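Use the sequences and the hints to build the structure in full.
Protein chains in written order, with this note's numbering: chain Y, 25 to 294; chain G, 2 to 300.
I should point out that these hints are in silico values taken from the structure, not numbers from a laboratory.
The structure displayed is predicted, hence computed values, not measured ones.
Where is the CB? At the ideal position from N, CA and C, for every residue including glycine.
Calculated cross-link-like contacts (lysine to aspartate or glutamate; reagent style EDC-like; alpha-carbon spacing at most 20 Å):
hint: 1; chain 1: Y; residue 1: K54; chain 2: G; residue 2: D100
hint: 2; chain 1: G; residue 1: K124; chain 2: G; residue 2: E111
hint: 3; chain 1: G; residue 1: K206; chain 2: G; residue 2: E283
hint: 4; chain 1: Y; residue 1: K294; chain 2: G; residue 2: D81
Taking CB as the label site, the calculated pair distances span:
hint: 5; chain 1: G; residue 1: D68; chain 2: Y; residue 2: W238; range: 49 to 57 Å
hint: 6; chain 1: G; residue 1: P120; chain 2: Y; residue 2: A157; range: 35 to 43 Å
hint: 7; chain 1: Y; residue 1: R51; chain 2: G; residue 2: G14; range: 38 to 46 Å
hint: 8; chain 1: G; residue 1: D68; chain 2: Y; residue 2: R51; range: 14 to 22 Å
hint: 9; chain 1: Y; residue 1: V153; chain 2: G; residue 2: D68; range: 28 to 36 Å
hint: 10; chain 1: Y; residue 1: V44; chain 2: G; residue 2: T55; range: 28 to 36 Å
hint: 11; chain 1: G; residue 1: H190; chain 2: Y; residue 2: S50; range: 44 to 52 Å
hint: 12; chain 1: G; residue 1: D110; chain 2: Y; residue 2: A157; range: 33 to 41 Å
hint: 13; chain 1: Y; residue 1: D90; chain 2: G; residue 2: D110; range: 57 to 65 Å
hint: 14; chain 1: Y; residue 1: F104; chain 2: G; residue 2: D68; range: 43 to 51 Å
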Amino acid sequence: MTATITSPDTIEAAPARRTVRPIPTSRLVKIELRKMFNTRSGFWMLVSIGVLSVIATGAVIIFAPDSAVTYESFATAIGFPMSVILPMIAILGVTSEWSQRSGLTTFTLVPSRGRVIGAKAFATFVVGVASMAVAFAVGALGNLVGAAINGTDAIWDVTLAHSSQILLGNLVGMAIGFTLGVMLRNSAAAIVGYFVVSLVLPGILALLAQVRSWFEDLQPWIDWNYTQVALFENDTDTAREWAMLASTTGIWIALPLVIGLLFLRRSEVK
Amino acid sequence: MITVESLTRRYAGFTAVDNVSFTAQPGRVTGFLGPNGAGKSTTMRVMVGLTAPTSGSATINGVRFADLPNPGLEVGVLLDASAQHAGRTGREILTIAADTMGLPRRRVDETLELVSLTPSEAKRRVRNYSLGMRQRLGIGTALLGDPRVLILDEPANGLDPAGIRWMRDLLTGFAGQGGTVLLSSHLLHEIEVIADDLVVIGNGKIVASGSKEELLAAAGTLARSTSPRDLAHALEQAGIPSTLAGDGSVRTDADPARVGAVALTAGIALTELRSAEGAGLEDMFLSLTADTQREGVAA
Numbered sequence: 025m026t027a028t029i030t031s032p033d034t035i036e037a038a039p040a041r042r043t044v045r046p047i048p049t050s051r052l053v054k055i056e057l058r059k060m061f062n063t064r065s066g067f068w069m070l071v072s073i074g075v076l077s078v079i080a081t082g083a084v085i086i087f088a089p090d091s092a093v094t095y096e097s098f099a100t101a102i103g104f105p106m107s108v109i110l111p112m113i114a115i116l117g118v119t120s121e122w123s124q125r126s127g128l129t130t131f132t133l134v135p136s137r138g139r140v141i142g143a144k145a146f147a148t149f150v151v152g153v154a155s156m157a158v159a160f161a162v163g164a165l166g167n168l169v170g171a172a173i174n175g176t177d178a179i180w181d182v183t184l185a186h187s188s189q190i191l192l193g194n195l196v197g198m199a200i201g202f203t204l205g206v207m208l209r210n211s212a213a214a215i216v217g218y219f220v221v222s223l224v225l226p227g228i229l230a231l232l233a234q235v236r237s238w239f240e241d242l243q244p245w246i247d248w249n250y251t252q253v254a255l256f257e258n259d260t261d262t263a264r265e266w267a268m269l270a271s272t273t274g275i276w277i278a279l280p281l282v283i284g285l286l287f288l289r290r291s292e293v294k
Numbered sequence: 002m003i004t005v006e007s008l009t010r011r012y013a014g015f016t017a018v019d020n021v022s023f024t025a026q027p028g029r030v031t032g033f034l035g036p037n038g039a040g041k042s043t044t045m046r047v048m049v050g051l052t053a054p055t056s057g058s059a060t061i062n063g064v065r066f067a068d069l070p071n072p073g074l075e076v077g078v079l080l081d082a083s084a085q086h087a088g089r090t091g092r093e094i095l096t097i098a099a100d101t102m103g104l105p106r107r108r109v110d111e112t113l114e115l116v117s118l119t120p121s122e123a124k125r126r127v128r129n130y131s132l133g134m135r136q137r138l139g140i141g142t143a144l145l146g147d148p149r150v151l152i153l154d155e156p157a158n159g160l161d162p163a164g165i166r167w168m169r170d171l172l173t174g175f176a177g178q179g180g181t182v183l184l185s186s187h188l189l190h191e192i193e194v195i196a197d198d199l200v201v202i203g204n205g206k207i208v209a210s211g212s213k214e215e216l217l218a219a220a221g222t223l224a225r226s227t228s229p230r231d232l233a234h235a236l237e238q239a240g241i242p243s244t245l246a247g248d249g250s251v252r253t254d255a256d257p258a259r260v261g262a263v264a265l266t267a268g269i270a271l272t273e274l275r276s277a278e279g280a281g282l283e284d285m286f287l288s289l290t291a292d293t294q295r296e297g298v299a300a
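Below is the structure:
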């Protein structure tokens, strides 16, 4: 065994500076998660997920006919507010750096913008999964309470596979919001943009499919809403349907995200 | 040390920063001066990687800012105190920054104390902060990581007189310990008091740079006497051109010792004799940037 002996005089009399280590990605994700909820708007978004889940559950118990008190009713009722709020969280997580100008600090502390956006994407994913877990749990509780009130057995008519499709559908919505955030880098524009692509665009495409028969076959391959609804309804089974989902994801998420990121990395942060 | 080499940044149609080169030395406060829109902020944004240069480079101790592994620990940056999420509390903003740099949370409290933000102020959201409080918070963010280099854009903006004094002492102390400070300002008096070196920029180009003494020496002498006309006359006799200002002061390009000697020979009692700093920096600034001033001030 050889021992390396460092004589004291070979140690350079460097100034007593700590060694600077690169910032680990896990730390960036943790910070981005914190930043999503440490503002007033972020906090209320988070609260509204819980509150709206409970309200939607209560509404099903109160208004739905006894025969409709099934887990699917609860999942659908809670799913609607989720599908609106989660994309907003995804949008604001990105755009607030520009609209609130906090990006000046963020991107000076972490000059690699790609890493910051990557951390934001992961944090958004975590929020999506966690929120849906909460929503499913609240719905389950509602189903038990509803059944108890009706004096019947709780009906669990949502399979695990369906739940994962609902989760995936919501993640697609968040990804669309995130993509718009990256492309537009402005809160108001991205939110308006989200409503355009999720409310206005499907109507136009459906109309087009009605009047032009050649488009009817094409629509499922380009209309991301069409494939998202299929996920919510547990209709994505065949390889062809998964390919349609991949196609709309490529057109509306992957491609614009790559283009948006290229611009974002080169753009000026003011 | 901050080194800027042949830095150019062009936008469609105009050149914001045109072949700018200068250095900010450790142990010195470098003042970065220029009229509105001269390219100060653009230069500073390029330094910290927020704006890509069209050509040229800016390095911190020889390394590009974007290549620093954890920039917050090496360079403290304040570009715009208002550029913060208005919905976050002051403490939260410092906490995020401290977490990003990997600093212990007690640094947040230390920094709040350093920049004199009280615990109750730190709990308020930034939207309710005055400009001065935002400025303190921004300076706090810059100092959080105990860096060796500071890049501050208009840090004195919005500070009250006590705050300006505090910042001046802070920056002088920082440079005294071997730190590098680059600060931009259009508050000429502030710069004059605090800066060791000056870089003057106009229309994107460096119009002057050097130590403050060097630059101001060129600004000449200001003298006052009970009879300014006689003094001006005596100087003229001695072959020193001078101008008699409306406020009764006499300015010349000659150094104070020579003016004093002339006055003594002529038997004129001087009430004031000094190198024309103060007004000197302002005159220098206006004459150097005359072509670039919006108001078209005659130099």
